[in-house]
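S.K.: The residues making up each chain are set out below.
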Amino acid sequence: MARYDYDVVIIGSGVGGLTSGALLSKEGLKVLVLEQSDRIGGCCSNYNHDGFQPDVGAVFVIGHEMYYKLFELLDLRLEDYLDYRLIDPVYDTVMDDGTRVLLPRDIDEMAEVVASISPGDVDGYYRYCDDMKKIFDLYLSVLSVPMPALRDVTKLSNVIKMIARTEQLPALPVNMRLSTRTLDKVVNSYFKDDRIRLMFGWENLYAALPAHRCTGMLSNITYMGRMGYYYPKGGMISIPKALRKIMERFGGEIRFSSLVEKIVIKNGRAQGVRLAGGDEISAKAVISNAHSRTTYLDLVGEENLPWVAKRAVKNQPCSIPAPTFYVGLKEKMDSVRAHFTVLLNGRDKFDNLWHEFYDKGLLYRPDDGAFLVSCASHDDPDLAPEGKQVLSAIYIAPYNLKYHDWDDIADEWAWDCIDSLEKRAFPGLRSNVEWMDSVTPTELERRLRLPEGAFFGLEMSGSNMGPFRPNYRSRIVDSLYLTGQCTNPGGGVPLVMLSGIAASSMLVNDWPSL
Amino acid sequence: MSKKKSAAEESTHKKSHWKRKLFILALFALAGYYYGFQLDEEKRSRVSKLLFEGREMWFRLFV
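Chains S and C are the protein sequences, given in the same order.
Per the numbering used here, the first sequence starts with residue 5, numbered consecutively.
Per the numbering used here, the second sequence starts with residue 85, numbered consecutively.
For the record, the hints were derived by calculation from the structure and aren't laboratory data.
Relax, there's no trap hidden among the hints.
In silico DSS-like cross-links for lysine-lysine, where the CA-CA straight-line distance does not exceed 27 angstroms:
#1 C:K133 - S:K314
#2 S:K165 - S:K137
#3 C:K133 - S:K189
#4 S:K318 - C:K133
#5 S:K189 - S:K137
#6 S:K314 - S:K266
#7 S:K336 - S:K237
#8 S:K336 - S:K427
#9 S:K334 - S:K237
#10 S:K245 - S:K34
#11 S:K34 - S:K159
#12 C:K127 - S:K196
#13 S:K364 - C:K133
#14 S:K406 - C:K127
#15 S:K353 - C:K133
#16 C:K127 - S:K189
#17 S:K353 - C:K127
Residues from chain C that keep clear of chain S, each with C-beta distances beyond 12 angstroms, as calculated:
#18 A91
#19 A92
#20 E93
#21 S100
#22 H101
#23 K103
#24 R104
#25 K105
#26 L106
#27 A110
#28 L111
#29 Y117
#30 Y118
#31 Y119
Where a beta carbon is used, it is the ideal one built from N, C-alpha and C, also for glycine.
Generate the whole structure from the sequences, applying the supplied hints.
M.R.: What follows is the structure, encoded as structure tokens:
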């Protein structure tokens, strides 16, 4: 008779959990994924309200080359599971001075857009592209190395083999420059006009960090837009759906509406989980795809943590919340010209946003705010009922408001934002709304069990990365592994996939001694 | 006698050495304090965040 119910229990069916589930099932382990809700994906999921299916969390595929590496490890063809479409134009950008431009994917067409706004910045733009290309070529060369067996992925010799590339040499000076400067300084070194600077410097929102605290390496994201952002058919939830299908194909199981209350710990070793109803499921190892704060403070329990760990977990800052409101439209709007519309305020206001409103806990006027409006049905009309459209507007806002409670103002605030969007980009928006759902940071926290409603998990600043981010293999509880956006390399679908691969690789290596 | 004298000299020398170091340290602290008050609110908040992170990040190595 088996000593354990399962070899591995995975808490949470986010991309990290399902990546681990698929890889470990393929290795022949008996895997069970426990999902608290009735929907997979966590922060890469969707809602479905009468046919309106906006994305939750992740809104596009960047660095899709990394997805191929996962499928290489699984010995499967990505094309059999996912169908990507190129997003072009990349953004419809609306500035506060009324400038509204479609940003094309093509490098030379983009140069024309830059020239139309600030002719003096075209040289800087090409210099920027040359430098970023060196980094991008290095990235492609690293990914061109064939994937080793899962157990060898985290071996130092393999990591060195992947990183030590001849392409490092031309990229080295650029890499040094970018990694030792902040994003705002890097962008300012290429461009002179404030509007162009903002156009190339706002994507720090994807790391949920102010530009002055963000590594300059992030400036590469804007260039990657030129190499292609993609959108999967069926929406972003197609990615976790594909991983679930693969996991089940290899014999892994998933259970919905199974809220894990505690990780069962005996003699300092994780031995399974206890569900909210009181049922216990034993396992030789546990992988947590939950937020590190939830994992350690709630599931492991403060009583099992040494004071150093307790202090570290409690004081590790979460990234800035990215609350969202979703709207289903009665009719398609011509003013929605691209998959993404980005509404930016002035450079000063954008920089100030982080301090004035985030540090002080003040809610800004919607007209002063920056929004990323994503139209899922633009590239896949099946994501909205026929003839209709679905939008999601993502913005940043503090978790703790100084003068308000999010629950009291959720709808009122969202309608104010809708009025602002109507004024700035989409005439007639308010009267066209059929359905609206305002998901504030507190609501996000409840729905996804996500502390502070922070999609990116822990802050992705230097003091929270590398050895300062929670380890894949827990240093506190044996047989406990972590994956997801709170581990390295951080938030974002391909990065979370990497964390799933790394955690699985470590577990496979540890398996004989568990 | 000369040995005793040189030991006493050495100890005085060490004391004054430490005094000088402490004085320089105090000067730096004072300059930092003064500089801190000159900063606007946003910069002060950035500095305090950096100091907080610099103190707390080492605990994270144990998780």
